[in-house]
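A.B. asks: Each chain, letter by letter, is given below.
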Amino acid sequence: MVRVSKELMQKAATLVSDFLVCPLSKQPLRYCQESNSLISDAIAVSFPIKNGIPCLVPRDGKILNEEDASKPDNDTNL
Amino acid sequence: MQRDRAAWLMPQTDPLLHTVAHNLLDRLQDCKKTFPSALCLGGSLQAVTRSIRGHGGIEKLIVMDASHDMVQRCKNDYHASNNENIETTFVVGDEEFLPIKESSVDLVISCLGLHWTNDLPGAMIQSMLALKPDGLFLAAILGGETLKELRIACTIAQMEREGGISPRISPLAQVRDAGNLLTRAGFNLPGVDVDEYTVKYPSALELIEHLRAMGETNALSQMNAMLKRDTALATAAIYDSMFASEDGTVPATFQVIYMTGWKEHSSQQKPKRRGSATVSFKDIQKQFGNQS
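Protein chains in written order, with our numbering: chain A, 1 to 78; chain B, 1 to 292.
It is worth saying that the hints were derived from the structure and are not from the lab.
Be aware that a few hints might be false.
For the chain A half of the interface with chain B, some residues (derived, Cβ under 7 Å), not all of them [said to hold, decoys possible]:
1. Phe19
2. Ile43
3. Ala44
4. Pro48
5. Ile49
6. Ile63
7. Leu64
Facing chain A, according to a computed beta carbon distance under 7 Å, are these residues of chain B, among others [to be verified]:
8. Ile62
9. Ile86
10. Lys101
11. Ser103
12. Ser104
13. Tyr197
14. Leu233
15. Ala234
Each residue gets a CB set at the ideal place from its N, CA and C atoms; glycine is no exception.
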């Protein structure tokens, strides 16, 4: 695992929040550290991040069941 | 899937892709504007990202393709090149379902990628929405004249083998449609430019192999049926006999349509509303008509 500097993480986070949205709802995404994914709360779908690359194509979206959807506390706020 | 396979087969540097990418990026220099944030849509990602430094004042770049492999390769290339002055994000995304916030980027650039999509007008609208007011859409796509030699050879091969032809319409855009595509997508000040490139191949079969490597066989999917093994050989033979030069090489035409469009902004020129004229032709004639 490569240790990424905090500065780099923050830069990446702002790039994500400044430009990226859910491909289906066009609503903001939130990063979930636990599952290493970007979550679209608007439609309760999560998109995986593979090798540091967010996969925001509709077919990669995973519908969250109720348990996953109601765990906002562990998530990082961008 | 088509693009994933192409990601690994494509040669690191393809001369045609680089020529087109450079041409596209030169157009940025012609603009007086700078484009701090840019979205680069798939197709010839690497050709663009390698040359993008210094063009257009880009500070933040989002690199996007529908294929994870393509994006991964681009990312590896980027890290290996030590060219990391531009803040770059790599994303897997579909231009028909663009995961980009509305009015967030100054520039959308796509080099030989949009002819892949099933819904080109839709993809262009998505790009338009992503642009900030006065933002620029810059795209190069393959035009209808591309591989006309191959189409001819295919048609003849089919005639000989099947005794008739079914009309085949090229799925690639015609130059005359490009302007319409831009205006219908909501862009202002549309600009269309065409270039034809002739690439020489040692033989027709090598061309067919190169096509598969470029990933362009999907754009010509209607010809895919023709490229079954035995028909491919027949087509290649006809192609060679019809088009080969004295030295045995064969030419292949690639028509590239360059499109530019601007996201609406109050500073831009706009034609006045119909009926809002304050001067009539009669007045103009009165003024100038007697000066012959």
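A.B. asks: Holds or violated: Ala44/A as interface residue toward chain B, Cβ cutoff 7 Å?
C.D. replies: violated, 16 Å
A.B. asks: Restraint: Pro48/A near chain B, CB-CB cut 7 Å. Satisfied or not?
C.D. replies: violated, 9 Å
A.B. asks: With chain A as the partner, please determine if Tyr197/B meets the hint condition of a C-beta pair closer than 7 Å.
C.D. replies: Not OK, violated: Tyr197/B not within 7 Å of chain A, min 31 Å.
A.B. asks: Given Ile43/A as an interface hint, is its Cβ closer than 7 Å to any Cβ of chain B?
C.D. replies: Given a least distance of 12 Å, the restraint on Ile43/A is violated.
A.B. asks: With chain A as the partner, please determine if Ile86/B meets the hint condition of a C-beta pair closer than 7 Å.
C.D. replies: Cβ of Ile86/B sits 11 Å from chain A, so the hint is violated.
A.B. asks: Lys101/B was flagged as interface toward chain A. Is the shortest Cβ-Cβ separation under 7 Å?
C.D. replies: Check passed: Cβ of Lys101/B comes within 5 Å of chain A, closer than 7 Å.
A.B. asks: Quick check on Leu64/A please, does its C-beta sit within 7 Å of some C-beta on chain B?
C.D. replies: violated, 17 Å
A.B. asks: Can Ser104/B be said to touch chain A, with a Cβ gap under 7 Å?
C.D. replies: holds, 5 Å
A.B. asks: Regarding the hint that Ile63/A lies at the interface with chain B, is the smallest CB-CB distance below 7 Å?
C.D. replies: With Cβ-Cβ at 16 Å, over 7 Å, it is violated.
A.B. asks: Does Ile49/A hold up as a contact with chain B if the rule is Cβ-Cβ below 7 Å?
C.D. replies: Where the cut-off is 7 Å and the nearest Cβ of chain B is about 10 Å from Ile49/A, the hint is violated.
A.B. asks: Regarding the hint that Phe19/A lies at the interface with chain B, is the smallest CB-CB distance below 7 Å?
C.D. replies: holds, 5 Å
A.B. asks: Would the stated hint for Ser103/B survive a check requiring a Cβ distance to chain A of less than 7 Å?
C.D. replies: Violated. Min distance 11 Å.
Consistency with the previously given hints fails for numbers 2, 3, 4, 5, 6, 7, 9, 11, 13, 14, 15, ordered from lowest to highest.
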